[in-house]
Amino acid sequence: MATPAAADPVAEIKAARAAYNAAIAARDVAGVRAAFGDGYVGIAGTTGEAIIGADAMTDYFARAFKTSGFLGFVRTPATVTVADPPARAVEYGHWSGGSTNGVLSGDYFAVWVPTPQGWKLRSETFVTLANGARPRP
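Those letters in the sequence shown? Residues 1 to 137, per the working numbering, in order.
To be clear, the hints were calculated from the coordinates, so they are not data collected in a lab. Please read these numbers as outputs of a predicted model, since none were measured by experiment. In this text, a Cβ means the ideal position worked out from N, Cα and C, and glycines have one as well. Keep in mind that a hint or two might mislead.
So the derived label-pair ranges between C-beta atoms look like this [what the hints assert, rightly or not]:
(1) 7 x 78: 17 to 27 Å
(2) 87 x 131: 32 to 42 Å
(3) 49 x 85: 29 to 39 Å
The calculated lysine to aspartate or glutamate pairs, modelled on DMTMM-like cross-linking and capped at a C-alpha distance of 25 Å, are [to be verified]:
(4) 66 x 84
(5) 14 x 28
(6) 66 x 28
(7) 14 x 55
(8) 14 x 107
(9) 14 x 38
(10) 66 x 55
(11) 14 x 59
(12) 14 x 84
The task is simple: from the sequences and hints, build the whole structure.
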């Protein structure tokens, strides 16, 4: 697997996360899809549902973007640790979002892998810790 040419993999991963957040905020389906690598698996925060595959997660967002009252999601990294050698990285952070029907928030764990196109998400696991509460700043 190719390692990205970034001098600072942590900065590149944080930039990729920021681009993913921006794509969600803009309701940009192609931008959301660009975050995912091969073999992507997502675990939903409230239900624990497994969303298998980049296309399935992209479809999830495409449907959500069309939902009246969808407010979006923001993932805020707390730490990013890159393996040595840099074959993968782990990101821990806080997430918040939801709809006009309620705001959810919690913590997440993500695995990133290097590709020729930069660092891509291999998996994300979200845990809902607050249902209806105001998101943390």
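Checklist entry - Has the given pair, residue 14 with residue 59, been kept, meaning a C-alpha gap of at most 25 Å? => result holds, 24 Å
Item to check | Straight-line alpha-carbon gap residue 14 to residue 107, limit 25 Å | outcome: holds, 16 Å
Checklist entry - Within 25 Å, alpha carbon to alpha carbon, are residue 66 and residue 28? => result holds, 11 Å
Checklist entry - Regarding the pair residue 14 and residue 55, is the alpha-carbon distance no greater than 25 Å? => result holds, 23 Å
Checklist entry - When you check the alpha-carbon spacing of residue 14 and residue 38, does it fall within 25 Å? => result The given pair, whose Cα atoms are some 19 Å apart, holds under the 25 Å limit.
Item to check | Range hint 32 to 42 Å (beta carbons of residue 87 and residue 131) holds or violated | outcome: holds, 36 Å
Checklist entry - Between residue 66 and residue 55, is the straight-line Cα distance small enough, at 25 Å or below? => result Given that 25 Å is the threshold and the Cα spacing comes to 17 Å, the pair holds.
Checklist entry - Given the proposed pairing of residue 14 with residue 28, does the C-alpha separation stay at or below 25 Å? => result holds, 19 Å
Next on the checklist: Taking 29 to 39 Å as the stated bounds, is the beta-carbon spacing between residue 49 and residue 85 within them?
Outcome noted: holds, 34 Å
Checklist entry - Holds or violated: 17 to 27 Å for the Cβ distance of residue 7 and residue 78? => result Given a distance of about 22 Å, which is inside 17 to 27 Å, the answer is holds.
Item to check | Straight-line alpha-carbon gap residue 14 to residue 84, limit 25 Å | outcome: Holds, at about 18 Å.
Checklist entry - Given the proposed pairing of residue 66 with residue 84, does the C-alpha separation stay at or below 25 Å? => result Judged against 25 Å, a Cα distance of about 41 Å means the pair is violated.
Checked against the numbered hints given earlier, this structure breaks only hint 4.
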